[in-house]
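Spelled out from the first residue to the last, the chains are:
Number of protein chains: 2
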Amino acid sequence: MSKDKIQVGLLGFGVVGGGTVKLLRDNAEAIARKVGAPVEVKRVAVRDASKPRQVDLPTGMVTENPSDVIDDPEIDIVCELMGGVQPAYDYVHRAIVSGKNIVTANKEMMAKQGNALLREAEHRGLDFNFEGSVGGGIPIIQPLKQALAGNKFSEIMGIVNGTTNYILSKMTAEGADFGDVLAEAQAHGYAEADPTSDVGGFDAQYKTAILASIAFTSRIDLADIYVEGITNIAKRDIEVARELGYVIKIVGIGQDLNGELQVRVHPTLLPKAHPLASVNDVYNAVYVRGDAVGDVMFYGRGAGSGPTGSAVVGDIIEIARNIRAGGTGRMGCTCFDTKPARHISRLETKYYVRLVAHDRPKVLASLASILGDFDVSIESVVQHPLPNGDAEIVLITHKTIEANLRSAVDVFKRLDIVSAVQNSIRVAE
Amino acid sequence: MSKDKIQVGLLGFGVVGGGTVKLLRDNAEAIARKVGAPVEVKRVAVRDASKPRQVDLPTGMVTENPSDVIDDPEIDIVCELMGGVQPAYDYVHRAIVSGKNIVTANKEMMAKQGNALLREAEHRGLDFNFEGSVGGGIPIIQPLKQALAGNKFSEIMGIVNGTTNYILSKMTAEGADFGDVLAEAQAHGYAEADPTSDVGGFDAQYKTAILASIAFTSRIDLADIYVEGITNIAKRDIEVARELGYVIKIVGIGQDLNGELQVRVHPTLLPKAHPLASVNDVYNAVYVRGDAVGDVMFYGRGAGSGPTGSAVVGDIIEIARNIRAGGTGRMGCTCFDTKPARHISRLETKYYVRLVAHDRPKVLASLASILGDFDVSIESVVQHPLPNGDAEIVLITHKTIEANLRSAVDVFKRLDIVSAVQNSIRVAE
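Chain order of the listed sequences is A and B. With the first letter of the first sequence counted as 1, position 420 gets the number 420 in the numbering used here; the numbers rise by one all the way through. With the first letter of the second sequence counted as 1, position 53 gets the number 53 in the numbering used here; the numbers rise by one all the way through.
If you are wondering where the hints come from, they were derived from the structure by calculation, not from laboratory data. Nothing here was measured: the structure is a model prediction, and the numbers come from that model. Keep in mind that a hint or two might mislead.
[To be verified] Facing chain A, according to a computed beta carbon distance under 10 Å, are these residues of chain B, among others:
| no. | residue |
| --- | --- |
| 1 | Ala30 |
| 2 | Arg33 |
| 3 | Tyr89 |
| 4 | Pro143 |
| 5 | Gln146 |
| 6 | Leu148 |
| 7 | Thr217 |
| 8 | Gly300 |
| 9 | Gly327 |
[Claimed, not checked] Which stretches of chain A does chain B cover? Using the computed rule of at least three CB atoms under 8 Å from a CB of chain B, they are:
| no. | region |
| --- | --- |
| 10 | 30 to 44 |
| 11 | 63 to 69 |
| 12 | 284 to 297 |
| 13 | 315 to 322 |
| 14 | 325 to 336 |
[Claimed, not checked] Label pairs and their computed distance ranges (CB to CB):
| no. | chain 1 | residue 1 | chain 2 | residue 2 | range |
| --- | --- | --- | --- | --- | --- |
| 15 | B | Gly175 | A | Asp291 | 32 to 38 Å |
| 16 | B | Asn115 | A | Asn258 | 36 to 42 Å |
| 17 | B | Thr338 | A | Gln86 | 27 to 33 Å |
C-beta atoms are modelled at their ideal positions from N, C-alpha and C, and glycine is treated no differently.
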């Protein structure tokens with residue numbers, strides 16, 4: 001039964017594919033010892049074989065026909081590194097049906113179709129690993145599924161998008177505007193030409209969906225994950241937050257509230273002492289809270305050829321060991337439950353509200369009174385005079401129901417004494 | 001082949017044993033779903049069955065005869081949670097010979113005899129997990145062996161002893177003396193009545209040996225790990241370090257320097273921005289540097305019934321899944337190499353030296369000249385006048401060879417102008 005070598009096929013050969021092949025080559029001898037047999041890349045399917053690559057492949061290894069990977073009887077493990085839902089999903093599904101173990105780093109496919117694929121692989125006794133889909137090289141999926149599997153998790157919280165963390169870190173460090181930093185990030189290749197998926201929070205939404213579904217053993221519909229990007233964060237918000245002892249980060253948060261799941265991605269004021277508050281630049285970190293282990297955090301580079309290649313190769317090694325031991329399919333889909341989603345309007349959180357009002361007596365009293373009407377109380381407030389005679393008022397509320405806070409802010413917007421409500425941002429504890 | 005339940009036996013039932021049984025009970029249903037079969041504790045061997053316990057066990061489950069666990073043909077997994085090398089080693093060895101998969105949280109046994117036990121288990125196709133031996137509930141051994149297995153590691157660095165981190169954190173936060181904080185920690189149960197193993201750095205030495213042997217795929221002899229505890233750290237060192245932008249922590253460090261291993265445990269000045277610098281109180285954290293993944297950090301509670309119980313149960317779940325899939329023994333000992341040790345005298349590091357000298361012209365010039373004789377150059381220096389007319393001089397050197405620095409300090413000690421060399425501490429970058 002024990003095979004004398006493990007053969008791998010790749011679908012897609014971009015940044016992550018290059019990192020994967022490079023690592024399998026650089027550390028081939030050490031990997032062979034760990035597995036007990038050499039791990040070799042046999043075939044790589046790409047869209048355009050003539051395109052130049054950062055990592056050279058021998059002639060004959062590259063093909064433009066994905067079936068050359070999917071249907072090759074000698075290939076044990078298929079790595080899908082193309083990204084996107086289609087045609088990746090169809091290829092992976094066909095590979096499972098053709099008896100291949102799967103490794104993928106495809107967050108969108110896993111967030112949208114992971115459940116079906118995992119069940120199909122489990123049904124056929126195959127392994128299906130996807131460590132690279134969240135947090136680049138940071139081990140987080142394997143630890144949640146294995147080392148921490150004894151825990152019931154109540155909360156996960158992560159900085160899972162490097163581009164937006166880089167932008168917010170730069171805005172914080174340099175007092176720069178969002179637009180300027182985004183342009184600079186695009187020039188450096190840290191942000192895409194179309195940055196919507198990152199700055200709109202959708203990339204983080206996929207990753208948070210994956211983490212939450214594992215932690216809470218329940219499939220989570222993307223439509224049930226509230227998402228808000230960072231395009232409305234002004235450098236003034238960052239300044240004022242700092243004065244109040246907070247750092248602004250875009251965070252993916254999942255909570256299991258007595259069996260209801262509240263999962264969301266949005267800019268968040270984190271107290272400076274929070275472990276995630278000092279995670280800067282392109283670094284990612286994921287924080288989880290288990291009933292036995294308490295709080296645990298994982299930190300590292302969230303993207304790139306080396307880090308994500310490391311995750312893919314780790315997945316390959318695990319499967320290769322299982323193949324050698326004759327025991328693939330030992331861990332299937334862990335979404336056993338169908339827990340209902342709790343709507344964002346029912347969120348209980350502290351809130352930061354920044355507004356401009358006429359600088360008259362009793363303005364603050366009026367605002368506080370309106371908040372009181374909606375059962376919102378104020379924890380702290382700072383007021384700065386503005387050159388035009390108005391005042392900037394920044395409130396941090398006590399924990400409140402989101403719907404109530406939003407109603408109060410709607411009333412603020414209609415007040416004569418309020419020139420503008422400039423931002424309202426959730427605050428973590 | 002697939003068993004309809006997985007049965008576990010415990011050797012030892014202290015803090016960790018109690019946490020393990022509690023967690024297996026509290027989350028029994030979820031664990032059964034993850035494994036595909038219930039995981040049940042069948043027998044628990046203790047030294048004194050009459051001793052009262054925090055977690056109740058049914059009559060008939062407890063025995064004073066370890067053979068009732070080791071030789072029970074129905075038991076699949078033996079968890080050794082006694083601590084110490086003997087008789088733990090003999091029991092574990094017998095259990096392996098009798099065909100049991102092993103889980104242990106015993107750092108001393110693993111640091112001293114882990115190699116032999118792992119090879120014996122591998123030889124018999126059995127699993128042997130020891131996640132709880134380092135960092136309490138923090139997943140670190142599994143990630144190094146699996147998710148990060150594709151990497152070649154150049155460095156590991158960890159705060160792996162909660163007692164000393166608590167003491168140093170308190171000394172830092174409160175400006176307190178070592179002796180006072182130790183007494184308080186003993187009163188709270190954070191430090192043992194005999195604190196030698198913690199404050200002398202020996203507990204950290206075992207854990208660093210385990211981490212380094214996995215990261216560098218080489219067995220490491222404890223005698224080759226330089227160890228220095230925290231008993232000589234004065235509150236004045238902490239104050240002065242802070243002025244210079246550093247925090248003092250006791251850190252376990254391992255480096256693979258072109259195939260030579262330099263592994264050591266000692267107090268270290270960490271720059272305030274270093275990820276380990278903000279790890280406080282009883283928290284632990286381990287930082288690793290891999291060629292592909294870059295820097296990764298793992299953070300959480302380093303000890304206690306819940307966290308270490310979480311690690312033990314995670315190990316049990318992994319083995320239970322392997323038993324169900326018919327594939328135990330998939331990952332054996334990974335100490336393939338015998339890399340030579342590099343002596344501490346050859347360490348290249350920056351150094352902090354605090355001394356008291358007569359406050360006369362040219363004292364600093366004399367000290368700098370002596371350092372220069374040993375090829376040591378100064379990065380920064382601060383001088384404070386003392387009430388008695390002497391001066392406190394604190395030097396941070398550039399990177400230097402440890403032996404040279406020590407020779408220079410020996411010369412300092414013999415100088416008439418130097419009243420006392422009060423401390424010298426290594427500085428990390």
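Results of checking the hints against the structure:
1. Ala30: holds, 6 Å
2. Arg33: holds, 5 Å
3. Tyr89: Where the cut-off is 10 Å and the nearest Cβ of chain A is about 24 Å from Tyr89 (chain B), the hint is violated.
4. Pro143: Hint holds; Pro143 (chain B) Cβ to chain A Cβ min 4 Å, cut 10 Å.
5. Gln146: Holds. Min distance 5 Å.
6. Leu148: Since the shortest Cβ distance to chain A is 6 Å, the answer is holds.
7. Thr217: Thr217 (chain B) check passes; min Cβ-Cβ to chain A is 7 Å, inside 10 Å.
8. Gly300: holds, 4 Å
9. Gly327: Interface hint status for Gly327 (chain B): holds (2 Å vs cutoff 10 Å).
10. 30 to 44: holds (count 4)
11. 63 to 69: That given contact is violated, which follows from only 0 residues of the region 63 to 69 of chain A lying within Cβ reach (below 8 Å) of chain B.
12. 284 to 297: holds (count 8)
13. 315 to 322: holds (count 6)
14. 325 to 336: holds (count 9)
15. B:Gly175 x A:Asp291: 32 to 38 Å: holds, 36 Å
16. B:Asn115 x A:Asn258: 36 to 42 Å: Violated - the Cβ-Cβ distance for Asn115 (chain B) and Asn258 (chain A), about 47 Å, lies outside 36 to 42 Å.
17. B:Thr338 x A:Gln86: 27 to 33 Å: violated, 51 Å
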